[in-house]
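Using the sequences and the accompanying hints, generate a full structural model.
2 protein chains.
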Amino acid sequence: MQQLVAGIDIGGTNTSFGLVNANGELVFKESVPTEHFPIPEDLVAVVCEHIKRAVLSFQNFELLGAGIGAPNGNYFKGTVEFAPNLKWYGIIPLAKLFEERLGVKTSLTNDANAAAIGEMMFGAAKGMKDFIFITLGTGLGSGIVSNGELVYGHDSFAGELGHVIMFPDGRQCGCGRKGCLETYCSATGIKRTYSDLLMSHHEKMETNEKMTDAKFVFDKAMNGDRYAIEAFNYTGDILGLALANSVAYTSPEAIFLFGGLALSGDFIFKPAIESFENNLLNIYKNKIKILPSKLKENDAALLGAASLIWKNLN
Amino acid sequence: MQQLVAGIDIGGTNTSFGLVNANGELVFKESVPTEHFPIPEDLVAVVCEHIKRAVLSFQNFELLGAGIGAPNGNYFKGTVEFAPNLKWYGIIPLAKLFEERLGVKTSLTNDANAAAIGEMMFGAAKGMKDFIFITLGTGLGSGIVSNGELVYGHDSFAGELGHVIMFPDGRQCGCGRKGCLETYCSATGIKRTYSDLLMSHHEKMETNEKMTDAKFVFDKAMNGDRYAIEAFNYTGDILGLALANSVAYTSPEAIFLFGGLALSGDFIFKPAIESFENNLLNIYKNKIKILPSKLKENDAALLGAASLIWKNLN
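Protein sequence lines, in the order shown, are assigned to chains G and Y. Those letters in the first sequence? Residues 1 to 314, by our numbering. Those letters in the second sequence? Residues 1 to 314, by our numbering.
For the record, the hints were derived by calculation from the structure and aren't laboratory data. A quick note: this is a predicted structure, and the numbers were derived from the prediction, not measured.
Since the list gives no way to pick out one identical chain from another, each pair is judged satisfied if it fits inside one copy or across any two copies.
Capping the alpha-carbon separation at 30 Å, the derived lysine-lysine pairs in DSBU-like fashion look like this:
1. 129 x 77
2. 287 x 77
3. 29 x 126
4. 178 x 270
Set out below in structure tokens:
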């Protein structure tokens, strides 16, 4: 009898789910539109039905547990709490709902935490006990691992590095405060930096262009656009400072960058690493690696979610 | 047979040592001038002699272990590494030296980490699993406890919050960089703020006055000196922002302030707490306490050092 764990990733638009084996291989994957389910119980029912059917389709396999990654996920309580990107109001006991339907142990945490554990179980952080995992997406998410364990903190909401205030009178953040790291270091941040640079040089984008994501700025940089390259340098500079400060908290062995911006290679890594080393306290210099995540962009959320269970089984 | 643990605090000027019982009572205390011992082995020999004699003077007591707090202490290796305040050069295997002489299990860490564990074992953090301990002395030291364990990081040098860069072009720090938290929030920092304020208002101190420590500014504030009060507000303001940022890392239940500045009561706590709450991300607001340490100023280092051993026995 071989063993599988379900990974479930609740997103504002889609809910993906899949089955992950002990080697971290995603052997089944599916998704449904989250927005089609105004009542969470209905989503749970449909997803569990798919998962159960998928497990049966594999011969000699059993389901050991299910891990859930969700925005504003509370690991201690198994709940999703007032998630601004979800249509469900209030506190939803998602882990319990899934556990009842699937009949197996179910754990839940936020997406970045789940991905951090995924990196440790199946990615580039294998064997590491102290690292920081950063997702550079629309915002900036993070998971901190210290002494082999994810840092949840007192209320399970530790690791919100995107909301460290870098500049007290800086850019307006969606959280209501100003100068948060994610207003600079994220897809949203670099897009804003790029338009600010264009504006300050009285340049405009072609009328048929629309800046949809960080890849737009990356493509521009690849084509030698000086403002796009400058936007990457500016972003990397601030990211490097923020990461150097992070080291003073948990002194990690490595820091992993994941997500759209992290796929921009040297454009982001070079200025980030340079600023990082320049801003590091002496005792930390030249010993902490800044590395790209080895989780596949599309599978990371599911692998991460499943890792919540695999980690405790190992 | 009752049990005792030795606590040893290696300082640049003096080395204090004592015996701590299971209730966290310091039943014996002594000190020798560190500078009198150019060779660490000689200091170790003298201190161990004193400790052994003291243990014998108690009837029916046995020594269970020894904990050492030392600047630049490496917990994993039991060494003191290139400590700028000590005359000993290079890497000193202090824990091993003490262990050989005393014949009991010996642990070593830096002073702030030791005091953080002391707070957890015998102070105001009893029963807490997630908190941050800040010492506001000449500099700013810290110890972070996550899920009941001190965060050492990969190299044992985690928790250097004094060297988080608050303002990239800020005050020159002794570490060679600029704008570190401890250049603002420490005895040195508030003294500088106070003189800067005097200067910018073309005021001078009385010719017979000398600003020796943070208490000087405290006494001025007590007497209604507006620049002293402003210096406290400025210091508290920056401290509150730094602590709010710290919460985004480890989401603690409480933050403890220890040391000279922390004894200034409302002068420092009031502006710090106000700035802290103003700068906190919504999900953390109104649930994290900023509290004074309950460790006695003079005994904290020894209690903390001994706690390294008591913690592992409990």
